[in-house]
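*Asks:* So you can see what is in the structure, the chains are spelled out below.
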Amino acid sequence: MNAIRLSDLVSILRSKNAGPFLTTIDIFCENDKHYETIKKSGIINQSEISKLFKIPEKDVLGIYFYDSVKGIKITMVKPGHVASGDIACTDTLGMQQYIPLKHLMIPVDR
Amino acid sequence: MDEIRMLQSSAMGYGNVSRELIKEGLKYDPHIIVGQGTSTDPGPGYLGSDDIFGYVGKSNKKRDIGLILEAAVEKSIPFIFSGGSPSGSNAQLEGVLRIVNEICTEKGYKLKVAVIRGELEKNYVKSKIKQGVRIQRLVDSDRLSEVLSVDDINQAKRIVSQMGPEPIMKALEMGVDGVITGRALDIGLHMAFPLLNGFNKGLVAHMAKTIECGALCADPPINENIFAILKQDYFLVFPPNPEKKCTIRSVASHAFYERPDISKEINPGGYLDISQAKFEQVDRRTVRVSNGKWVPMPYTVKIEGVKIAGYRTVTVAGIRDDNLIKQIDWFIDDIRKRTVDKFGGISHFDLFFHVYGKDAVLGISEPKDLMTSDELCIVVDVIAPDPEISNAICAYVRGRMFFNDYPGRTSTAGNIATLFSPADIQMGESYVWNIWHSLPLEDPCEPFKIKILNFPNSKISQWE
Chain A
929 MNAIRLSDLV SILRSKNAGP FLTTIDIFCE NDKHYETIKK SGIINQSEIS
979 KLFKIPEKDV LGIYFYDSVK GIKITMVKPG HVASGDIACT DTLGMQQYIP
1029 LKHLMIPVDR
Chain B
378 MDEIRMLQSS AMGYGNVSRE LIKEGLKYDP HIIVGQGTST DPGPGYLGSD
428 DIFGYVGKSN KKRDIGLILE AAVEKSIPFI FSGGSPSGSN AQLEGVLRIV
478 NEICTEKGYK LKVAVIRGEL EKNYVKSKIK QGVRIQRLVD SDRLSEVLSV
528 DDINQAKRIV SQMGPEPIMK ALEMGVDGVI TGRALDIGLH MAFPLLNGFN
578 KGLVAHMAKT IECGALCADP PINENIFAIL KQDYFLVFPP NPEKKCTIRS
628 VASHAFYERP DISKEINPGG YLDISQAKFE QVDRRTVRVS NGKWVPMPYT
678 VKIEGVKIAG YRTVTVAGIR DDNLIKQIDW FIDDIRKRTV DKFGGISHFD
728 LFFHVYGKDA VLGISEPKDL MTSDELCIVV DVIAPDPEIS NAICAYVRGR
778 MFFNDYPGRT STAGNIATLF SPADIQMGES YVWNIWHSLP LEDPCEPFKI
828 KILNFPNSKI SQWE
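Sequence order for the protein chains is A and B.
No gaps in the numbering here: position 85 of the first sequence is 1013 in this note's numbering, and each next residue is one more.
No gaps in the numbering here: position 359 of the second sequence is 736 in this note's numbering, and each next residue is one more.
Isolated chain A, as found in the complex:
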């Protein structure tokens, strides 16, 4: 079983606030095969995302696969429960919060 970095399989990997208390991460693939590889790997799940972002599992609120646009959405409570613009916040718009996913290794069959 080989593995490949998520960032090598996707064309868009982005994050943004979905309101001040939630971060939402969008992943889009150009390529059907890449999308299927990620989806079928099963690695984008609540437990893995919780480990990756070091947040409680219950704070991973939703993971959605949208096949027709080869898109995946992950929505979570902001890490540390620090709301956008709150005094401890360092990413007001949540634009850099996709980074932990970038180097996630996706298992691929060869």
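Simulated from the structure, these hints should not be mistaken for laboratory data.
A quick note: this is a predicted structure, and the numbers were derived from the prediction, not measured.
None of the hints are false.
Just some of the chain A residues that point at chain B, by a computed CB distance under 10 Å: (1) K998; (2) V1005; (3) G1008; (4) S1012; (5) D1014; (6) I1027.
Don't be surprised by glycine CBs; every beta carbon is placed ideally from N, CA and C.
Following the hints, complete the assembly by docking chain B onto the known chain A.
*Replies:* Below, chain B without anything else, positioned relative to chain A:
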């Protein structure tokens, strides 16, 4: 009306609205031009702030509003936009109206405008609580009371509400040249005119959701304008810029943008379900969309409020010495302890060391265990109930960073590269969200005051 042709101006305020692209859009003969200018994305600071031009500054804003008014006047079509910088508070709405007034005076436009405030009077919200209305929080957070209390309202600096399309529909019926709102639901701005003309709500909401951010629904997504043609059972969407295109994928995937869920979004009076929506490519640049469904629910509006957290003073320091970099955690802890010893008995305060080059951006989610940076930037960030104390703590911390000892130190003339002179930045009040709740309404227009203003107008601020 058989169809509605709507030009969406792109997000307003950054000076991004393009005269050329508006001209391209006007070629398709729009019935109306719509823009959005309020947001909570830049955080609570702007709703707290008394700066009426806020996030983007006056001249950028004036440029964008000027282009929208110019298009509306040239084509004799109505305009709708929300205004605030960007919170949509009354103060910031007044800033927008001052700009409109300047433009009308300079260009000789005579405009009758319905202005709708989005800020709620505290007494109004309190009266709802007294009537027994349960105003529940929208998200589980320590900052938010589960059910809004009178204390929350008293602590809030300001409260605004995202008005739905209904007050705008009411305003459009007043025989005006345009509508300017304070805080408003983005899709509501785009829904009002089509709903007034009897179009299907699910379709209208889906069109609004698609075009509300301009050409962010184009491929590639870009901050430019967009055009929609709404028919009885579908709508068409394409960018006026002939070099750009909408694709099935770009339009369908815009449903992802800034939303927690893809297929369901709760709005005042219902939610839009696009799980069965149909997207078809009709030509190289145009997508046809149908089958969005509106599912009615009890009517609620979101209300947003901020309270002061304290006064903030910051300073910026660079560190390049590898010996200090490898001991940075110890160095910061030591300074923090000394600061608490010195000021802990005087005042409550929050002290943050944002260490760029280590983990400032991602905090607890930072995946790298080992820092490998040759250079660090530390933003010292102090928040205290009194601005003088905040200044004093920041200066003390900076002084400690200059001369605090650490093992192997050679830099006895000072440890940090200070970025600015003056070194410390007094940022004034710092705010946090304390209201993010759902207010049930029987009449969607009840809290939103509409006033007709004729521009040019010398009495903008004399609202009451």
